[in-house]
Structures are given as structure tokens and as C-alpha cells.
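Going down the list, the sequences are from chains A and B. Numbering follows the numbering used here, with no gaps: position 97 of the first sequence is 97. Position in the second sequence (from 1) plus 456 gives the number in the numbering used here.
Source of the hints: derived by calculation from the structure; they are not laboratory data. Misleading hints may appear alongside valid ones.
Claimed, not checked - Some chain B residues near chain A, calculated using beta-carbon distances under 7 Å:
(1) Y497
(2) T514
(3) P520
(4) R544
For clarity, every value in this text was computed on a predicted model and none was experimentally measured. Each residue gets a CB set at the ideal place from its N, CA and C atoms; glycine is no exception.
Here's the letter readout for the chains.
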Amino acid sequence: MTTFADQLEDQIAEWRAYVRRRQVLHSPDVEELEGHIRDQLAVLTEAGLTGDEAFLVAVKRMGSLDELSREFARAHSERLWKQLVIAPETEVSTQTGRDELFIVLGLAVAAAIAVKVPALFGHWINPNTEFPLFYARNACLFVFPLLTVYFLWKRGSDRVRSLWFAMAFAAGAVLANVFPFPRGSETEMLTALHLPIALWLIVGFAYAGGRWFDDGGRMNFVRFSGELAIYYVLIALGGFVATLFTFMMFRAIGMNPGWFVAGWLLPCGAAGAVLIGSWLVEAKQSVIENMAPVLTRLFTPLFTLLFLAFLATMAWTGNPINVKREVLIGFDLLLTVVVGLVLYAASARDPQAPPDFFDGLQLALVVSALVIDGVALYAIAARISEFGFTPNRVAALGENIILLVNLTWSAWLYARFLCHRSSFAVLERWQMAYLPVFSAWAAVVVLVFPPLFGYR
Amino acid sequence: MTCIDMQCIKLLRMNVAKDLVAASSTPLVLAILAEGESYGYAIIKRVAELSGGHLQWTDGMLYPVLHRLERQGYVGAKWDKSETGRRRKYYRITKEGQAELAAQRQQWKAVDDTLRGIWMRECTV
């Protein structure tokens with residue numbers, strides 16, 4: 001024989017199972033809501049309602065689960081990343097899914113064609129001649145505008161906004177091609193390296209689709225960038241294998257496919273893969289959603305150990321850093337890796353979780369990287385006048401300072417967070433607010449450096 | 457029933473518009489937590505008590521609001537035992553939350569003053 005209390009427990013269990021099916025509600029949330037239902041039940045039964053009646057009233061007062069999941073999704077935008085569908089209302093129909101596939105394929109083909117258009121004007125890629133730097137300078141301009149078109153289509157955008165994006169890319173194209181670089185110019189290489197960083201911010205605006213100034217919008221873009229990089233590497237590996245087979249098979253019948261691979265397969269494939277990769281990230285987020293966090297968890301301890309071992313060795317032996325001419329760039333890359341680890345650790349972290357061991361490790365990583373960079377900068381500063389201020393060195397020094405500022409403040413915020421004196425959200429907000437600084441500096445390098453240094 | 461009676465009933469059952477409820481949720485929750493540490497069900501009860509039933513919240517909607525405030529750093533939360541022995545999530549206001557509450561209070565006062573200004577004049581005319 002079942003008592004009233006048992007019946008009520010069964011009903012609650014059923015309700016719990018039903019609520020759990022909503023992916024956006026995590027189990028602590030469900031527990032909290034269940035606690036609410038129980039509090040409500042206690043009051044209602046005390047007021048004289050039977051178990052059934054009380055349960056009905058309590059559940060009804062809780063409100064529509066669809067609406068509730070939507071509100072939860074809004075409050076925890078990072079969970080949205082993990083499932084595309086918030087609630088049936090916004091479910092993607094198969095029709096739009098197919099449209100999207102065709103549009104992405106179309107844009108990928110357009111990117112591949114765009115890469116080959118300059119060939120009509122005499123810019124050939126040929127394995128037997130030197131690689132034309134025209135392609136290095138313009139590489140991102142073949143792809144980023146099309147990627148932006150994809151996001152503008154996907155997020156919905158009006159003419160005025162689209163025009164702004166077009167103007168930004170036009171400005172990029174002018175800057176990449178207007179300066180009279182001589183052969184072997186340092187500033188030309190700097191332009192080729194920095195233009196993509198500057199324009200990636202424009203892609204970010206399109207990706208966020210008007211939500212850029214929400215922290216969630218920018219964080220999603222950071223996640224997107226990381227996952228795209230992972231997908232791109234995977235696609236590139238596949239492409240590498242395909243290239244090897246192309247050589248092997250055509251050589252077997254006495255043909256040399258070198259002109260095809262270098263002139264068509266690699267450039268067109270590299271351009272199209274960005275769009276395909278982006279679509280994969282957008283559509284199949286759940287497949288390797290945990291890649292960036294896993295890599296971060298793996299490499300944070302490794303790099304921390306490496307840095308501490310380096311510092312200990314330096315302190316023990318007393319060997320100074322041997323300042324070679326381009327050592328600064330190496331340390332820039334080091335700090336970039338650390339900023340990347342901090343960013344992806346933040347993107348994968350539940351901002352509400354209390355500080356744990358891993359956060360302490362992150363702080364150790366950041367602080368040790370700061371100390372190493374400080375020692376290197378000190379060594380370089382002493383000899384920079386001797387080397388002279390070339391464009392490369394000024395650019396590298398600027399980047400070093402930008403990264404140093406980012407990490408110093410991050411370390412401070414991490415320390416405060418670990419002492420329970422501020423929330424993790426503050427650190428996340430700082431990292432998000434800092435993103436445009438990287439692009440702004442890259443834009444300065446592209447815009448100001450060539451004329452400033454006389455195009456050398 | 458006289459016309460005045462009808463109006464009284466209407467007044468008693470007045471439902472505040474959805475947008476207004478949503479906009480007032482942050483200062484209301486922060487103000488309730490400023491009175492002391494509390495948990496979901498108690499907060500809902502306090503809202504009903506304070507508004508005399510005019511503010512109709514579906515109970516569930518409080519929780520996304522609380523989680524958003526927690527994320528923004530305006531409230532802190534911890535799991536603790538309730539009097540029945542079950543785990544329960546307790547919320548309390550943080551320093552940032554108190555600053556935010558003061559700021560929101562200023563804004564609401566500005567809105568209130570403006571409306572009062574125009575409605576008072578209507579009365580005297």
C-alpha cells in the first residue's frame with residue numbers, strides 16, 4: 001500500500017526526470033528548483049491541500065518549462081555553446097539547415113575562385129618561381145569577407161551594417177596594396193602578418209551579430225576562434241595526406257602534379273577550408289566541444305613546469321639570457337601562448353565555481369611567464385640601442401608590452417579571485433575588454449609602420 | 457455593486473506589465489538580499505508580501521535572475537543545510553551588489569520623480 005507521502009515522492013521524481021531532459025538546466029539548478037517545489041508543497045499541505053492538489057499548484061506556479069529554460073539559457077550563455085537548440089521555438093528546421101549547407105559550399109567555392117582571380121592579372125603561384133608576396137599580403141582578404149558574408153546571412157543583418165563591413169575590408173585591401181614596398185622589405189612582411197589580426201576583429205563583429213558588447217558574445221567568438229583553429233588543423237592534416245597521394249599516384253604514371261598542387265590544390269583548399277571549418281564549428285559544436293578545455297588542462301601544468309624549471313635553472317647557474325637579435329619575437333610567442341591558455345581556461349570555466357587547484361596553477365603559470373619575460377626585457381633593453389630600432393623590433397616590442405599589460409592585470413585579478421576578494425567574472429570581463437587592443441595594435445602596424453620606416 | 461467597488465477590485469487585482477516586472481526584478485531581489493541572506497522560496501514570498509500581490513512572478517523566473525546576478529558578481533551563493541536537512545542554495549548580496557543597488561535606486565527615483573511631477577500637476581488642474 002502506498003501512502004500519500006510516497007505518491008508525492010513519485011510525482012516529484014517524475015517531475016525531476018522531466019526537467020533533467022532540458023540540457024540547459026544543470027543538476028544543481030534542478031536541485032534548487034526541486035527545493036523550491038518542496039518548500040511550496042510544505043506550505044500548501046499545511047494550509048489543507050492534499051498531496052495531489054498541492055503538487056499541481058506548485059508545478060503550475062513554477063511556470064512554463066520552455067520559458068524557464070530560455071531564461072536560464074540567457075543567464076548562462078556559455079551553456080548555449082553546448083547545445084544549439086535552446087527551446088523548440090528556435091529549433092532549426094531541416095530546410096534552413098540545407099540552405100546553410102548550400103550557402104557555405106557556395107562561399108567556399110567563391111573563396112577558392114577568389115584566390116585564383118589575381119592569376120588573370122599576372123600573379124601566378126608556381127612551384128618553380130619565388131612565392132609572390134602579393135598573396136601573403138592579401139591572404140586574409142580572399143577569405144574573411146566571405147566568412148563575414150556567411151555570418152551576416154546567418155545572424156541576419158541590414159544594408160547599413162553590411163556596408164560598414166564592406167568598407168572595413170575595402171580599407172584593409174587598400175592598405176595591403178597601396179604602399180610601394182621594395183623587394184625583401186621588412187614592413188611588407190609585417191603587413192602580411194598583422195592585417196589578418198586586425199581584420200579578425202571585423203569577422204568577430206559579424207560573428208557576434210550585434211551582441212559584441214555582451215560579454216557572452218565576445219566569449220563565444222573566442223571559443224569559435226579556438227575551435228576553428230582546431231578544425232582547420234584537422235582539415236589541413238587530411239589535405240596533407242591527400243596531397244601525398246596525389247604526388248604518389250600521378251608520379252606512378254609519369255606525370256608531375258607539382259603545378260597543380262602548388263597552384264590550385266593548396267591555395268584554393270586553404271581558402272575554402274576556412275569556410276568549411278567555420279560551418280563545422282557552427283553546426284557540429286557538440287562533436288569536439290571539449291577540445292579547447294582539454295588542451296588547456298593538458299598544457300597549463302606542462303608550461304608551468306617548464307617555466308619554473310627554466311627559472312630555477314637560470315637562478316642556479318646564473319647564466320644570463322643570451323640576447324640574439326630576434327629573441328624578442330620568441331618571447332612574444334611565449335606570452336601569446338600563455339594568454340591563449342588563460343583565455344581558453346576562462347572560456348571553458350564555469351564562472352560561478354569557487355577557486356580550485358587549477359586556478360592556482362593558472363596564476364603560477366602567468367606569474368612565472370611574467371618573471372621570465374621581465375628578465376628577457378631587461379636583457380634586451382640594455383642592448384636595444386646597439387641593435388637599432390628596426391620595424392620588426394619595434395613591432396615585437398609593442399606586442400610584448402601589450403601582452404605584458406594583459407598578463408600583469410590578469411595575474412592581479414587571479415590573485416584577488418583566489419583570495420575570494422572578487423569573482424571570476426571580473427577576470428573574464430578584463431580579458432574580453434582587452435581583445436580589441438590586439439587588433440588595434442595590429443592595425444597601427446599595418447597603417448603607420450610602412451610610411452614611418454620608409455617602407456624598408 | 458457600485459462603480460467604485462468595481463474600481464477597487466480592479467485596483468486590487470492590478471497586474472503590473474511584464475516589462476516592468478522584468479525591469480524591477482534586479483533592484484527588488486538586491487534590496488531583499490540587502491535585508492539579509494535568503495533563498496529562492498523565501499525571496500518569492502517576500503516579493504509577494506511587499507507588493508501586496510501586484511507583482512505576479514512565475515516562481516521559476518526568479519532563479520535565472522538570481523543566477524545572472526551571481527554571474528555579474530552582485531550576489532554570492534553557497535549551498536547549505538536547510539531546516540529539513542535538504543541541501544539549499546543561500547544567496548547574499550556582495551559589495552558590488554550594494555553599489556549596483558544604490559545606482560539602480562537613483563535611476564528608479566529619477567523615473568519616479570518625473571512621473572510624479574507630471575501626475576501631480578494633472579491632479580491640481
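Please flag the earlier hints that this structure goes against, numbers listed from lowest up. The structure breaks none of the hints.
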